[in-house]
Amino acid sequence: MKLKLKRGGEHLTVALRQREPLCIEVTNGEMVRQFSWPLRDGDTAGRVELDGRFVTFWVTETRDRFWVTLDGETIVFEKDRGRQAVADELSNDFTAPMPGRIVQVAVVEGAVVRAGDVLVVMEAMKMEHRIEAPTAGKVTALRCKEGELVEQGYALLDFEAEANS
Amino acid sequence: MKKVLVANRGEIALRVMRTCREMGLSVVAVASEYDRSAPFAKFADELVLLGSGPTLSTYLDQDLILNAARATRADAIHPGYGFLSENAAFARRTEEAGLTFIGPRWQTMELMGLKREAKLHMEAAGVPVVPGYSGSDQDVATLTREAERIGFPILVKASAGGGGKGMRVVHEASAFAAELQTAKREASAAFGNDAVILERYLADPRHVEFQVFGDGTGRAIHLFERECSIQRRHQKIIEEAPSPALNKALRQRMAEAAVRAAESVNYLNAGTIEFLVDADGSFYFLEMNTRLQVEHPITEMITGFDLVRWQIEIAKGNGLPQDPSQITCRGHAIECRIYAEDPANSFLPQTGYVARYVEPKGWGVRMDSGIEQGSEVGVHYDPLLAKLIAFGASREEARSKMIHALGETVIHGVKTNISFLRHVLAHAAFEAGETTTHFLQRHDIPSNTADTWCAAALTAMGQGEHGAHVFSSETSQPGPWERMGQWRLNA
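These protein sequence lines map, in sequence, to chains X and C.
In our numbering, each residue carries its 1-based index in the first sequence increased by 737.
In our numbering, each residue carries its 1-based index in the second sequence increased by 32.
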């Protein structure tokens with residue numbers, strides 16, 4: 738489980754190493770730092786010890802960003818949805834997030850698609866979900882049909898990112 | 033006077049309405065469609081919507097505003113600052129409609145709106161003005177001759193101007209002709225009038241202004257000064273009262289000049305006399321603002337008087353509320369303007385949804401804000417979100433209070449200049465009171481100094497966009513973060 742963040746030209750990765758006691762690991766290039774605080778999962782305001790001092794913090798997540806106010810200064814991180822990050826996460830995880838019905842299958846097996854192309858549209862909890870190609874690539878296997886009901890976690894298709902994308 | 037229509041928006045509309053209500057007056061707000069659920073619109077007793085057009089056909093549309101006043105049977109209009117506040121034609125129409133305009137007479141607004149005429153008038157009244165030329169002969173040869181007489185560097189300003197448009201600094205005679213042409217072009221485009229005035233350019237002056245009130249019959253009083261030297265592109269960002277640059281003697285001389293200036297035009301209601309103060313202590317009339325200023329709260333803090341209440345009392349015909357001998361200055365106040373802008377990206381105005389909003393608290397801390405959690409900051413209006421005011425027994429106390437209050441302020445969802453303001457206040461030159469108009473050009477203001485590593489680690493504590501924790505409690509299943517990677521709500 739990793740968060741990928743971007744700030745200016747920096748790319749940071751945040752990983753939860755341990756839940757109790759909480760241990761968070763931050764990677765920035767070759768450097769790694771670990772933080773351990775007596776916080777609970779989901780605490781979006783509180784205080785942490787930093788260089789021997791207690792400082793207050795506030796964290797807010799919005800659609801594309803994380804906003805962190807720490808010791809009176811606010812830092813904004815962009816969620817890194819860069820090419821590499823997306824490619825790393827790909828790992829053929831095109832599974833249904835919840836039970837639902839396939840509304841539309843927009844591609845055929847073997848289709849070569851561009852980033853952002855709609856692959857499958859699904860309806861769950863009365864909302865439509867669109868599954869899009871995260872990068873240019875190829876649909877190597879298709880395992881669903883329009884109108885079909887699928888279980889949560891069902892693998893809808895296999896996708897192979899274009900090698901140089 | 034029973035009902036006041038406030039022809040403005042944001043923090044100032046709210047601030048004016050509060051005093052109206054305290055005085056037993058009911059309040060009418062006017063709001064564009066974008067502002068219909070803004071705090072000021074919700075605060076008013078009645079709300080008149082102005083549609084979704086641009087400012088010109090909403091907050092600046094005189095017919096719409098006057099119709100709103102008639103429809104709601106308001107008997108007075110408070111214009112706030114900006115928008116129609118210094119529009120003489122609007123003040124005149126308000127008066128002709130039988131309503132009270134809470135502000136100066138339209139004739140005074142007209143005179144003070146023309147920089148050249150205003151300067152000539154003040155010079156005649158014995159108020160020191162910057163050596164310059166403000167004649168009506170706008171011939172290039174005349175202007176060139178006058179520029180040489182005044183001496184370089186010289187400032188070329190649009191006569192009808194404001195906000196830095198049509199304003200050029202010319203450092204040597206050889207560049208004058210070209211810069212004059214540019215200034216005239218800008219002035220013509222911005223104000224429909226290419227007349228310019230020439231002034232000696234003061235290298236690094238301070239901007240010190242005096243708050244005045246007039247009773248309209250030739251009697252005026254002052255409520256001390258505000259120093260507004262910390263500016264970015266002619267836009268004030270930090271103001272304080274009293275000025276760290278004035279000693280008792282200079283303060284008295286400037287106050288006398290300010291009162292003389294106000295009395296010379298039989299000034300009515302609240303106004304501000306702006307001066308430039310040179311390093312040697314000489315001061316010059318810059319202009320008169322015929323409205324309530326953005327930074328009026330610092331004067332309220334050091335004098336203890338509610339300036340909007342004074343405006344209303346005077347507009348009701350009750351004369352000046354206090355005898356000058358009752359007006360004293362106590363302690364020190366600083367105001368910071370919190371803007372939706374990105375200091376790391378050329379201070380570009382920012383928009384967004386205020387996802388988290390926490391105001392600072394404590395004795396001597398005042399937040400005049402136009403937003404709340406859930407507010408949408410759009411592209412349509414000035415990016416001023418709020419004004420934070422700190423009051424202390426001394427300048428150092430006020431400064432320290434401000435630094436901490438800014439640190440307590442949390443605005444997430446829209447980038448702001450809060451960190452930038454904090455670093456200006458923490459700068460050694462600010463601490464020493466070396467506040468001149470070129471402060472920000474002279475000093476590098478450090479950018480954000482927070483620990484990026486630690487802040488990044490804290491993002492792990494954030495919540496997902498659907499309220500789910502980033503790291504779900506069941507480790508065997510992928511968290512919503514991972515799932516949302518490929519899934520997108522069909523909005």
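Take the hints with a grain of salt, since some may be wrong.
[To be verified] List time: in silico SDA-like cross-link candidates among lysine to any residue, alpha-carbon distance up to 20 Å:
id, chain 1, residue 1, chain 2, residue 2
1, X, K743, C, T484
2, X, K816, C, A387
3, X, K743, C, R53
4, X, K816, C, F184
5, C, K35, C, R53
6, X, K816, X, E865
7, X, K743, C, A103
8, X, K743, C, W485
9, C, K393, X, K743
10, X, K816, C, A376
11, X, K741, C, K35
12, X, K816, C, R53
[Claimed, not checked] Incomplete in silico selection of chain X near chain C, CB under 8 Å:
id, residue
13, H748
14, R754
15, I761
16, G779
17, F791
18, V796
19, T799
20, D808
21, Q841
22, V844
23, V845
24, Y891
25, L894
These are computed hints drawn from the structure, not numbers from a lab.
Treat the numbers as computed from the prediction; the structure is a model and nothing was measured.
Built from N, CA and C at the ideal position, the CB exists for glycine as well.
Status of the hints after comparison with the structure:
1. Distance check on the hinted pair: K743/X and T484/C sit about 11 Å apart at the alpha-carbon level, within 20 Å; holds.
2. As the CA atoms of K816/X and A387/C are separated by approximately 16 Å, the hinted pair is consistent with the 20 Å bound.
3. Under the criterion of a C-alpha separation no larger than 20 Å, the hint pairing K743/X with R53/C is inconsistent with the structure, at around 48 Å.
4. For the hint pairing K816/X with F184/C, the CA-to-CA distance comes to about 52 Å; that exceeds 20 Å, so the pair is violated.
5. Annotation: proposed proximity of K35/C to R53/C holds, straight-line Cα distance about 9 Å (limit 20 Å).
6. For a cut-off of 20 Å, the pair hint linking K816/X to E865/X is broken: about 24 Å separates their Cα positions.
7. Restraint check for K743/X and A103/C: the C-alpha separation of about 53 Å exceeds 20 Å, so the hint is violated.
8. For the hint linking K743/X to W485/C, the alpha-carbon distance of about 12 Å falls within 20 Å, and the restraint holds.
9. For the given pair, K393/C sits about 33 Å from K743/X by alpha-carbon distance, which is inconsistent with the 20 Å threshold.
10. This hinted pair checks out: K816/X and A376/C have alpha carbons roughly 18 Å apart, not beyond 20 Å.
11. Restraint check for K741/X and K35/C: the C-alpha separation of about 55 Å exceeds 20 Å, so the hint is violated.
12. A distance of roughly 46 Å separates the Cα atoms of K816/X and R53/C; the hinted pair therefore is violated under the 20 Å criterion.
13. Of the supplied interface hints, the one on H748/X is violated, with its beta-carbon coming no nearer than about 10 Å to a beta-carbon of chain C, more than 8 Å.
14. Hint status for R754/X relative to chain C: violated, with the closest Cβ pair at about 10 Å, above 8 Å.
15. Satisfaction of the interface hint for I761/X is found here, the shortest Cβ-Cβ separation to chain C being roughly 4 Å, below the 8 Å cut-off.
16. Taking 8 Å as the C-beta contact cut-off toward chain C, the hint placing G779/X at the interface holds, the least distance being around 5 Å.
17. Taking 8 Å as the C-beta cut-off, the interface hint given for F791/X is violated, the closest approach to chain C being about 12 Å.
18. At a threshold of 8 Å, the smallest CB-CB gap from V796/X to chain C is about 5 Å, leaving the interface hint in force.
19. Satisfaction of the interface hint for T799/X is found here, the shortest Cβ-Cβ separation to chain C being roughly 5 Å, below the 8 Å cut-off.
20. Given hint, D808/X at the interface with chain C, holds; its Cβ is 6 Å from that chain's nearest Cβ, closer than 8 Å.
21. Against a cut-off of 8 Å between C-beta atoms, the interface hint on Q841/X is violated, since the closest Cβ of chain C lies about 11 Å away.
22. Annotation: V844/X was flagged as interfacial toward chain C, and the flag is violated, the nearest CB pair being 14 Å apart, outside 8 Å.
23. The criterion of a C-beta within 8 Å of any C-beta in chain C is not met by V845/X, whose closest approach is roughly 19 Å, and the hint is violated.
24. Below 8 Å, beta-carbon pairs count as interface contacts, and Y891/X has none with chain C, the closest being about 13 Å; its hint is therefore violated.
25. With its C-beta approaching chain C no nearer than about 11 Å, L894/X sits outside the 8 Å limit, and its interface hint is violated.
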